[in-house]
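Visitor: Just so you know, the protein sequences line up as chains L and E, in that order. So that you can map any letter, position 176 of the first sequence is 176 in this note's numbering, and since no number is skipped, the others follow by simple counting. So that you can map any letter, position 115 of the second sequence is 115 in this note's numbering, and since no number is skipped, the others follow by simple counting.
Bear in mind the hints are in silico, worked out from the structure with no lab data behind them. A portion of the hints provided could be inaccurate.
Residues from chain E shown here face chain L by an in silico Cβ test under 8 Å; the list is partial [to be verified]: (1) 33; (2) 38; (3) 41; (4) 316; (5) 319; (6) 323; (7) 363.
According to the in silico footprint, chain L covers these stretches of chain E (three or more CB under 8 Å from chain L) [unchecked claim]: (8) 90–96; (9) 150–158; (10) 214–222; (11) 403–409.
Computed from a predicted structure; not experimentally measured. Quick reminder that beta carbons are idealized off the backbone N, C-alpha and C, glycines included.
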Amino acid sequence: MEYFVQQLINGVTLGAIYGLIAIGYTMVYGIIGMINFAHGDIFMIGAFVGLIAFLILGLAGITWVPLALIIVLIVAMLLTSVYGWTVERLAYRPLRGSHRLAPLISAIGMSIFLQNYVQILQGARVRPMPPVIQGGITLMETDAFVVQLSYVQILIVLVTVALMATFAMIIARTPLGRAQRACEQDRTMAGLLGINVDRTISLTFVTGAALAAVAGILFLVYYGVIDFYIGFLAGIKAFTAAVLGGIGSLPGAMLGGLLIGLIETFWSAYFTIEYKDVAAFSILVLVLIFRPTGLLGRPEVEKV
Amino acid sequence: MAVEAGKRAGSIDGVDLQALFKEAGLAAFVAFGLAISVVGVRTVTIPGGLGLEYRWEWVVIAVAAVFIGRFVLAFRRETRSPARRAEREATMDRIGAGVQKVARIAGPLLFIFAVALPWMPFSNRYIVDIATLVLTYIMLGWGLNIVVGLAGLLDLGYVAFYAVGAYSYALIAIHFDLSFWICLPLAGLFAALFGVLLGFPVLRLRGDYLAIVTLGFGEIIRVVLLNWYELTRGPDGLSGIPRPSFFGLPFSRRVQEGSDTFHTFFGIDYTSMQRIVFLYYLILALALITNFFTMRIRRLPVGRAWEALREDEIACRSLGINPTNTKLTAFAIGAMFGGFAGSFFATRQGFISPESFTFVESAVILAIVVLGGMGSQIGVVIASVLLIGGTELFRELEQFRMLAFGGAMVAIMVWRPRGLLAHRDPTLRLGAAAKGGGP
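One chain only, chain L, in its complex shape (with noise of 0.2 Å):
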């Protein structure tokens, strides 16, 4: 049972990060309907731009961990959405219009090429980071086994829940809201109804970065540890929580990103560690094959 409630605590805690990357995922495919694939190598440029700004802070002296954290969330947040802009600009926008496949193969380069950059910049080794917040309460006790809820868990959870009611105000209530949905319904219509559709295409992407940002210091701050490859298994299982949930569906990428947390916790803890990746795999897998449309999905008729 103790065994039980912390692994749930711990899938938890994967499943937030998960959903923050796997909003990203969701809303531009939601939007121009391809799938980012280098949406997972953002994440892992946020969790480095975490790492920088945390040293940085630590080296000018600023250690009060409130103060340090919100500072750092606002640089990498920033910093890291000048990369969603620029890899939309440069990737993607020239081919919209173009077919299928070409988006996608242009954001697999992508992918690769940022992967490298920031192997060749900051080094193939991982970076070890010493933890920032330390300790968290113990919920239960037994001679075995002792359940514990550290508070980076709690700030993750606190800082995702914050995150998600954010965002799911401006989709519901501001104009760049209504202008993503009116583009997702309709981008030709949004268009001639006087959107600025690239405009609105652009803050997508910036807004997906900036969340994937903050997945990236979680990531950090939770892990401990990063490097040059964190993103493509991330990216990966944040794609398949997305597609789990419903691709287009902003609750969906939530759930989505929690069960596949809690799933590939709870492989790890009651089969084998070895195969959680696979276990990751087999149900993005078999839910495109059985359920293409996700959770909460609504189905896409294809037109000609």
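Since chain L is already given, all that's left is putting chain E on it; use the hints.
Guide: Below, chain E without anything else, positioned relative to chain L:
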């Protein structure tokens, strides 16, 4: 109009320089945002944790380069007519068509060159080795070209079939002690079987979903190879894979009692080059078989159905083509050639481990197909020679190789989304009689 615009302050040839400066400035500002973090600061490991190293001069260089680059690009855009783009497309199409035409003549010449390569005065062990490697990628590229170029299915897990081929060859050869010539078709069959097994459930999916699923399969196979220790010996890899023999004549210095080796049978002296040259011819033959097979099958109904499916799936379905089965054949045949290439890889290396079959490998093969021009056989050759041969010559730039790969993939897609030498001559064309159309 032009004269009037020319009179305005700060303009040349009617180009508003101020606007150009503004545009370049914005680009430089974005570049500054990009560079300030991961370019300008490097995390370094120091005793007791992480330290920082500042490289502001790199940021300055990057910003300046982007400013100048953007300015030049914008200036060129302003001074050239907008018709240029269409014109350029047409030019590249013509070049693509030209290359195809030249390929008809150059193909045999290239073939003769490839056959003669080991006997050229300049050739040595190193060159033959690189040529073998390039040919392996050409073969993989041709195999993937069936799936991506002809059938239009984006397969991001092609390396899985390469791995299945390599491992099934190695396992059969080690455990059952069969010769290369029996193991090779078996390995190909195994890979094709895997292609069918994996393809059957997923080929109903639309293009980009299919790509992600194949990527997932590629990773699953790698993870299984890594963890199924009893069969694959996991990360340790399989070693001691039997070398191929020349129709039963092994290439070895020592002659076993009562049997011949290659050099004693032909009464020549033993050199280690013999095996290398043999391997070279082996992969050349395999690659040519792949090419010949592809060229012939394009003219069969199934080949035509692939190309038709790539162009319009709904139309095909309406015309009675079963999309899943047709795609499945392409998938299986592509997988089979991947398997052949894999068994060649295993026998050449004598050692295989899951490390050789990562996603990067799939991406490289895909890059070869994409850059060469999807569906173009000669394009694959050119791309392989440039990408594999070229980077092999600049070994010290290894770390920039994948960077260039990724960048090139983006650039080619933006510049020519169909691939550099893509020239889609429909393989089937209605005769002149059908051209008129109306009365």
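Visitor: With reference to the structure, classify each hint as holding or not holding.
Guide: Cross-check of the supplied hints:
no., hint, result
1, 33, "4 Å, holds"
2, 38, "5 Å, holds"
3, 41, "5 Å, holds"
4, 316, "12 Å, violated"
5, 319, "13 Å, violated"
6, 323, "12 Å, violated"
7, 363, "6 Å, holds"
8, 90–96, "violated (count 0)"
9, 150–158, "holds (count 3)"
10, 214–222, "holds (count 5)"
11, 403–409, "holds (count 6)"
The structure is inconsistent with the numbered hints 4, 5, 6, 8, although it conforms to all the rest.
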